[in-house]
Amino acid sequence: MFQKSDFGIGQVDGAGSVALDAFVRPARAPHKLPHKPAQKPTWREAISDWAHRVDLTPDLGRAPFSRTWWRGLATCTTLCTTVLLAAPGFDPLPGHSRAPLSEVQFDQLRSQMITPLALGADTGGRMGPTDAVAALTHTPERPTISLDAVIGVGDSFGRMLQRAGVSGRDASAVLGLVGNAVDPDSIQPGTRVGVTLGRRASRAMPRPLDALSVRARLDLALEIRRENGALSIRELPIAVDDTPLRIRGRVGGSLYASARAAGADPSTIQAYLKVLAQQTSVETGVASDDRFDIVVAHRRAATGETETGKLLFAGLDRASGKALNMLRWTIQGQDQWFEASGVGQRRGMMAAPVAGRMTSSFGMRYHPILGYSRMHAGVDFGAAWGSPIYAATSGRVAFAGRHGGHGNYVRLDHGSGIGTGYGHMSRIAAHVGDYVRQGQVIGYVGSTGLSTGPHLHYEVYRGGVPINPLSVKFAQTSQLSGQALAAFKAKLAALKGLPVGLPTAAFASAQMR
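Just so we're aligned: the sequence shown equals residues 1 to 513 in the working numbering.
Simulated from the structure, these hints should not be mistaken for lab results. Among the clues, some could well be false.
Calculated pairs, BS3-like style, for lysine-lysine (alpha carbon to alpha carbon, straight line, at most 27 Å) [said to hold, decoys possible]:
| hint | residue 1 | residue 2 |
| --- | --- | --- |
| 1 | K310 | K491 |
| 2 | K496 | K310 |
| 3 | K322 | K491 |
| 4 | K489 | K322 |
Turn these sequences into a full structure, and let the hints steer you where they fit.
Right, dumping it as structure tokens:
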């Protein structure tokens with residue numbers, strides 16, 4: 001792989017060797033230069049030599065307060081001082097500014113700007129006057145102004161009157177008149193109000209209110225008019241049919257699409273599917289030949305307006321198998337769904353008591369404050385201070401107040417020996433004896449009692465003994481009997497006896513009232 005080659009004068013080694021005798025010239029004796037005396041370095045060379053020998057810019061991080069360090073500090077101070085002394089000043093530069101616009105020029109420019117109307121702009125509403133415009137001695141006004149105002153979401157009837165240009169005096173009078181018929185705050189957002197403003201005596205005065213009309217409720221319209229200088233109100237009752245609306249149809253390829261085609265609102269269909277899912281699987285338990293049966297609260301006025309209320313009945317007539325008939329019934333002020341036999345049942349998992357992540361589980365643990373291991377009879381949820389705490393399921397407040405290491409504590413009794421506890425609250429929003437529903441706010445996250453930070457300590461009891469909250473399911477069952485069961489079955493028969501579609505006969509009788 002390799003072949004040694006020695007190169008030298010007069011040496012030959014192998015066929016691959018080369019004699020270099022002929023290529024190397026004989027060495028020549030060095031030429032002796034005449035001796036010159038040493039020259040004295042110039043001042044530039046002397047300074048350069050001194051700068052090489054003396055380090056003017058040493059590393060100030062090494063050997064602090066040494067002789068070399070002080071030399072470097074002096075160099076740094078000198079350079080910084082030189083820069084600061086040589087820096088330019090901050091005096092303003094002289095210049096010429098444009099002359100300010102006159103009032104007329106500014107008005108012409110402002111009227112052509114594109115600016116928000118909410119900030120008082122009049123873009124496109126007018127043009128700034130020029131020298132070709134002659135001022136009028138008197139500008140004529142319209143005798144009346146008619147406009148439609150709308151009550152917005154989060155708005156009020158009084159603020160709507162102010163936006164429409166009604167004076168404060170007339171607005172107070174209108175609120176008093178309307179308040180005698182209905183609560184002004186009960187008028188629904190989106191309601192249109194017709195306003196007519198009359199001629200004013202002076203430009204410095206607001207226009208007086210001549211007339212106002214509003215649909216306060218589905219069954220009531222109000223008209224306000226100015227007669228003999230005073231405002232008066234007139235109530236106009238409207239006939240309304242309250243007969244519930246029944247919708248039936250074949251399931252077909254899609255229960256939702258078929259119900260929509262039959263005339264049901266999306267919110268009604270969603271409520272129907274939710275009730276149906278409590279009894280059977282909507283995906284696998286409903287066949288295409290089954291027929292849905294929906295009854296919803298419905299109101300229709302003689303003027304044509306309608307209102308759709310709560311779902312009252314959810315039925316499913318199966319082509320094969322037992323039919324489902326679920327009726328909404330109220331017990332102790334709470335709506336529940338009952339089967340046709342009068343049995344109501346609600347199944348599911350307890351709702352999360354707070355929006356947060358679990359930081360400590362149920363069981364033995366080392367207590368971070370007490371400093372020893374003991375039973376942790378609940379689970380902890382980390383959450384921000386002041387976060388709302390919700391009732392995991394409906395129940396009655398059995399305790400609300402200070403409770404030892406739990407700090408501010410609430411305990412709920414859910415019946416059948418089941419109870420839940422909520423500790424370390426910053427503030428309690430429930431009172432002993434109150435009946436709270438699932439998801440209702442009962443307090444707010446805090447760090448009272450033996451706590452190292454804001455969190456919720458959540459407990460579940462069965463027969464007074466704490467159990468793991470993560471393993472608890474609940475099943476609350478109600479059974480109607482006696483007069484309640486008779487009234488329930490009578491209402492069920494009445495709803496199932498309704499005709500399909502709009503009840504024209506009942507509406508005709510309502511118009512006669």
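Hint check:
1. A distance of roughly 15 Å separates the Cα atoms of K310 and K491; the hinted pair therefore holds under the 27 Å criterion.
2. Restraint check for K496 and K310: the C-alpha separation of about 16 Å stays at or below 27 Å, so the hint holds.
3. Distance restraint check for K322 and K491: the Cα-Cα separation of roughly 21 Å lies within the 27 Å cut-off, and the hinted pair is therefore satisfied.
4. At roughly 18 Å between alpha-carbon atoms, K489 and K322 fall within 27 Å of each other, so this suggested pair holds.
Comparing the model with each earlier hint shows no violations; every hint is respected.
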